Amino acid sequence: MEPVKIKEGIYWVGAVDWHVRNFHGYTTIKGTTYNSYLVIDEKVTLFDTVKHGFEDEMLGRISKIINPEKIDYLVVNHIEPDHAGGFSYIAQKINPEKIFITRNGKLGLSAYLHNTDFPFEEVKTGYEVKIGKRTIRFIETPMIHWPDSMVSYIPEEKILISQDAFGQHYATSVRFDDEVDYCVLIQEAAKYYANIVLPFSPQVQKLLKTIKDLGLEIETICPDHGVVWRSKIKDILELYDKWSSYEADNRVVIVYDTMWKSTEKMAYAIAEGVVKEGVEARVFKLSVSDITDVMTEVMLAKGVVLGSSTLNNNLLPTMASFVTYMKGLRPRKKLGFAFGSYGWSGEAVAQLNEYLKEIQAEVIHEGIKCKYAPNQEVLKSCADLGRLLAQKIKEV
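Position 307, counted from 1, in the sequence shown is what my numbering calls 606; the numbers after and before it change by one each time, with no gaps.
Hint data in this document are derived by calculation from the structure and do not stem from the laboratory.
Values in this document were obtained by computation on a predicted structure and should not be read as measured data.
A couple of the hints might just be wrong.
[To be verified] Below are the DSSO-like pairs computed for lysine-lysine, each with C-alpha atoms no more than 30 Å apart in a straight line:
1) K429 / K511
2) K541 / K511
3) K632 / K531
4) K432 / K304
5) K369 / K304
6) K511 / K533
7) K560 / K668
8) K656 / K670
9) K575 / K457
10) K560 / K511
11) K626 / K329
12) K560 / K679
13) K342 / K304
14) K531 / K508
15) K432 / K405
16) K531 / K306
17) K457 / K363
18) K505 / K423
19) K405 / K575
20) K575 / K533
21) K457 / K304
22) K679 / K691
23) K560 / K508
24) K531 / K511
25) K423 / K533
26) K342 / K432
27) K541 / K691
28) K457 / K531
29) K668 / K505
Generate the whole structure from the sequences, applying the supplied hints.
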């Protein structure tokens with residue numbers, strides 16, 4: 300694949316990883332990209348490197364534009380190994396005059412490499428570098444999604460090089476938002492937000508406020524993963540505002556697992572109750588569902604219902620894994636309750652309600668427990684509780 304011109308003198312020179320299927324627990328069925336950007340000016344500047352193993356692919360693209368040794372500056376927006384795993388190799392190859400990085404980035408990268416023998420220049424929000432006819436303005440964005448993170452803005456081009464913000468794990472042979480299916484793109488952006496950025500939503504709100512307060516005009520957003528935004532800038536900024544404000548749709552997500560289908564019958568009854576109130580329900584059985592997809596649905600829904608059989612005085616392993624994952628991602632402003640079947644102890648429902656409380660959900664009911672198998676009375680109670688949840692969601 301050739302380098303791709305973003306604007307005159309600005310190129311995508313990253314790498315495409317068609318085959319990665321797991322990204323520290325995040326299922327990446329569409330692969331991903333490791334995006335780097337090259338700006339040709341009086342001071343030739345490279346923004347970010349790539350994951351280890353993709354260095355030569357990146358250097359090959361750069362070589363089609365300019366001799367890599369002519370690169371003057373390297374900007375490290377983010378030190379996570381999928382972007383900085385190739386840093387040491389690339390830095391040695393290009394031997395840049397300066398490497399712009401935040402203080403936390405310098406400390407973190409030095410801890411990774413156990414080497415500080417690089418021409419680091421620490422930058423803070425507001426720091427500007429003139430590279431010729433263009434200026435680079437740095438904005439620190441700590442915890443979007445690592446302490447070192449920053450974004451770079453080029454005012455003359457109205458380009459925001461946003462590191463992981465606004466990204467998607469989406470490997471394609473094209474590079475722009477208007478060259479891919481819009482619905483797929485937005486779904487991948489939502490999945491990325493739900494499974495990586497969601498815990499840092501307050502910091503996202505700060506970034507959006509900074510963009511507004513500084514009056515940054517943005518025509519292009521160049522993230523470190525996925526496609527470049529040039530046609531749907533307004534859409535993705537509005538979605539990030541929505542997701543980081545914990546706004547969600549009038550929908551209920553029912554997440555459960557079951558041993559002998561008793562809990563499953565309860566899940567279906569709850570869903571029927573929700574639907575009778577004119578609210579959409581989506582049901583996910585964890586033993587056959589990917590938690591990355593489930594977590595995306597949780598983020599997008601106002602209602603979250605959790606169900607598990609009791610096993611050894613505890614949750615089923617699939618549910619235990621999911622609620623731990625969910626707790627770490629910290630969705631907010633949810634309404635919900637728990638349910639489940641049991642044989643002789645029945646602790647699962649109370650445990651699930653505690654997990655809902657830990658994500659600050661409004662638990663609307665103590666939940667429904669069923670011994671062994673649900674009869675019609677229990678199933679009616681499940682449906683009624685589903686209807687109650689749907690009614691409350693419509694009132695929010």
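*asked:* Name the hints, by number, that the structure is in violation of.
replied: 9, 10, 19, 20, 23 and 29
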